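Chemist: Numbering (my numbering), first residue to last: 1 to 427.
Hints in this document: simulated from the structure, not taken from any laboratory. Quantities reported herein were computed from a predicted structural model and do not represent experimental measurements. Among the hints, a few may not be true.
As the list claims (entries may be wrong) - Listed next, with one range per pair, are the computed distances between beta-carbon atoms:
(1) Met24 x Arg243: 50 to 60 angstroms
(2) Gln277 x Phe191: 21 to 31 angstroms
(3) Leu354 x Gly147: 47 to 57 angstroms
(4) Arg153 x Asn40: 21 to 31 angstroms
(5) Gln221 x Glu377: 43 to 53 angstroms
(6) Glu273 x Asn162: 50 to 60 angstroms
(7) Glu383 x Arg243: 23 to 33 angstroms
(8) Trp338 x Lys376: 17 to 27 angstroms
(9) Ala341 x Arg22: 49 to 59 angstroms
(10) Gly147 x Glu198: 16 to 26 angstroms
(11) Glu273 x Asp375: 27 to 37 angstroms
(12) Leu389 x Asn313: 24 to 34 angstroms
(13) Glu273 x Leu389: 50 to 60 angstroms
Unchecked claim - Taking lysine to aspartate or glutamate and the DMTMM-like style, the derived pairs with C-alpha atoms no more than 20 angstroms apart in a straight line are:
(14) Lys351 x Glu331
(15) Lys381 x Asp391
(16) Lys320 x Glu266
(17) Lys351 x Glu363
(18) Lys158 x Asp116
(19) Lys247 x Glu266
(20) Lys320 x Glu359
(21) Lys236 x Glu182
(22) Lys351 x Glu362
(23) Lys148 x Glu197
(24) Lys158 x Glu105
(25) Lys387 x Asp375
(26) Lys320 x Glu370
(27) Lys381 x Glu370
(28) Lys109 x Glu41
(29) Lys112 x Glu41
(30) Lys148 x Glu105
(31) Lys148 x Glu136
(32) Lys214 x Glu269
Heads up, the beta-carbon is just placed ideally off N, CA and C, and yes, glycines get one too.
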Amino acid sequence: MCCVVFDFSDPAKNGREKEIKRQMLLELVDYTSTVTSKFNEAAMQEATRMVAANIFRTFSSSTGGEGQRAVEGFEAEEEEPAMEPAWPHLQIVYEFFLRFIASSETDAKIAKRYVDHSFILRLLDLFDSEDPREREYLKMILHRVYGKFMVHRPFIRKAINNIFFRFIFETEKHNGIAELLEILGSIINGFALPLKEEHKLFLVRALIPLHKPKCLALYHQQLSYCITQFSEKDNKLADTVIRGLLKYWPLTNSSKEVMFLGELEEVLEATQEPEFQRCMVPLFRQIARCLNSSHFQVAERSLFLWNNDHVRNLITQNRKVILPIIFPALERNLRGHWNQAVQGLTLNVRKLFLDADQELFEECSLRFQETEAKDKELQAKRESTWKRLEDVAASKAISISNEAVLVSQKVSFLSMSTTSPRPAHGS
Numbered sequence: 001m002c003c004v005v006f007d008f009s010d011p012a013k014n015g016r017e018k019e020i021k022r023q024m025l026l027e028l029v030d031y032t033s034t035v036t037s038k039f040n041e042a043a044m045q046e047a048t049r050m051v052a053a054n055i056f057r058t059f060s061s062s063t064g065g066e067g068q069r070a071v072e073g074f075e076a077e078e079e080e081p082a083m084e085p086a087w088p089h090l091q092i093v094y095e096f097f098l099r100f101i102a103s104s105e106t107d108a109k110i111a112k113r114y115v116d117h118s119f120i121l122r123l124l125d126l127f128d129s130e131d132p133r134e135r136e137y138l139k140m141i142l143h144r145v146y147g148k149f150m151v152h153r154p155f156i157r158k159a160i161n162n163i164f165f166r167f168i169f170e171t172e173k174h175n176g177i178a179e180l181l182e183i184l185g186s187i188i189n190g191f192a193l194p195l196k197e198e199h200k201l202f203l204v205r206a207l208i209p210l211h212k213p214k215c216l217a218l219y220h221q222q223l224s225y226c227i228t229q230f231s232e233k234d235n236k237l238a239d240t241v242i243r244g245l246l247k248y249w250p251l252t253n254s255s256k257e258v259m260f261l262g263e264l265e266e267v268l269e270a271t272q273e274p275e276f277q278r279c280m281v282p283l284f285r286q287i288a289r290c291l292n293s294s295h296f297q298v299a300e301r302s303l304f305l306w307n308n309d310h311v312r313n314l315i316t317q318n319r320k321v322i323l324p325i326i327f328p329a330l331e332r333n334l335r336g337h338w339n340q341a342v343q344g345l346t347l348n349v350r351k352l353f354l355d356a357d358q359e360l361f362e363e364c365s366l367r368f369q370e371t372e373a374k375d376k377e378l379q380a381k382r383e384s385t386w387k388r389l390e391d392v393a394a395s396k397a398i399s400i401s402n403e404a405v406l407v408s409q410k411v412s413f414l415s416m417s418t419t420s421p422r423p424a425h426g427s
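Whenever a hint applies, use it, and build me the whole structure from the sequences.
Modeler: Next comes the structure, spelled out in structure tokens:
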């Protein structure tokens, strides 16, 4: 009875049978929680067969809802996710399987024959469910499977990697990216040091490119945690991570920029000076652009970096390189940014540099004034050149117009000559 899958699209259909199955499933859950002897192989085989019969199914082509809505420019909250109608049974099956995997009476050496690679792949496919209740159970179960079956760990990581690749480079549609990243956060936290090359490649090839999709907001918190875990475990990866962020830095999406700046601060928290020095030039060129953003939250968030003691110390120690890069952006903000809060924060940052190294500050100020004077001179030359070109074009237009009038008059005269009546012969 527990392997029979009922149709829940019609609530009135098979009502008695559905209730009998529900009660039987609840009894199985209770038994799994109270059992005091090892499950034998036959029981394990039947348990996994029952779970597979109930949970494994293909989703309709409309799945991928949250990611697709974000790609199309809508907030994920605007539309309710499709809830699984068979949840009254599915929930109990998931609860049974969670307790079965977690049970100390389940021997992993025997259970791995049934919770095999094929089973795990089908389990991972279910993460694309639109129902958040189902994804929550799947997250807990996969985490338990990863912990219990050490032999399957490399395969699980590789399978998740493949889901990410397909999502990043092909579909940009998947409902379970946040949950998969949450599991990975715990996995990365448990990585032994020094990090294996395989794990570093996973960071570079899968995690960093996950910043590219338009629906980043749906899973950014979990992704940022994974990235920060790598940076904290191996400080030398900070340069790789920061350059990766710069590679995928959004050009036209301000809300995404704010997320990037928040993540950048977390990475910089774990960055030591040698790694910082390797990437500070391209990094602060980007920060200079953010400082001048007309979107006040982007400008404000970039200025908040100076509120972080560790980041501020890194900047101060390397001010001779950084200040010349961002000084023009600071001056432009003070002169013309529309937002008063941004102007106030800019003034604070400017004062920090002035207090730290007045001589350098004055050098940058003088250089900025010289550059500004040259730019004005160049602009004046351009305007003068354009004015001359416009005058030449205007005079040519007048000349052509006059010639056209003369030609028109000549044509009219010739036309009149050819059409005037001839005198009759012999008159």
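Chemist: Under the criterion that the straight-line Cα-Cα distance not exceed 20 angstroms, is the pair Lys158, Glu105 satisfied?
Modeler: The hint is violated at about 28 angstroms.
Chemist: For the pair supplied as a hint, Lys158 and Asp116, is the alpha-carbon distance within the 20 angstroms limit?
Modeler: holds (14 angstroms)
Chemist: Between the beta carbons of Gly147 and Glu198, is the distance compatible with 16 to 26 angstroms?
Modeler: holds (19 angstroms)
Chemist: Has the given pair, Lys320 with Glu266, been kept, meaning a C-alpha gap of at most 20 angstroms?
Modeler: violated (24 angstroms)
Chemist: Is Lys320 within 20 angstroms of Glu370, Cα to Cα?
Modeler: Holds - the C-alpha atoms of Glu370 and Lys320 are around 19 angstroms apart, at most 20 angstroms.
Chemist: Could you grab the alpha-carbon distance between Lys236 and Glu182 and see if it respects the 20 angstroms cut-off?
Modeler: Violated, at about 24 angstroms.
Chemist: Quick check: does the Cβ-Cβ distance between Leu354 and Gly147 fall within 47 to 57 angstroms?
Modeler: holds (54 angstroms)
Chemist: Given a hint of 50 to 60 angstroms, does the C-beta separation of Glu273 and Asn162 actually sit inside it?
Modeler: violated (37 angstroms)
Chemist: Tell me if the straight-line CA distance from Lys381 to Glu370 falls inside 20 angstroms.
Modeler: holds (17 angstroms)
Chemist: If you draw a straight line from the CA of Lys112 to the CA of Glu41, is it 20 angstroms or shorter?
Modeler: Measuring from Cα to Cα gives roughly 11 angstroms; hence the hint holds.
Chemist: Given a hinted range of 17 to 27 angstroms, is it respected by the beta-carbon distance of Trp338 and Lys376?
Modeler: With a Cβ separation near 23 angstroms, Trp338 and Lys376 satisfy 17 to 27 angstroms, so the hint holds.
Chemist: Between Lys387 and Asp375, is the straight-line Cα distance small enough, at 20 angstroms or below?
Modeler: holds (18 angstroms)
In summary, the numbered hints that this structure violates are 6, 7, 12, 16, 21, 23, 24, 32.
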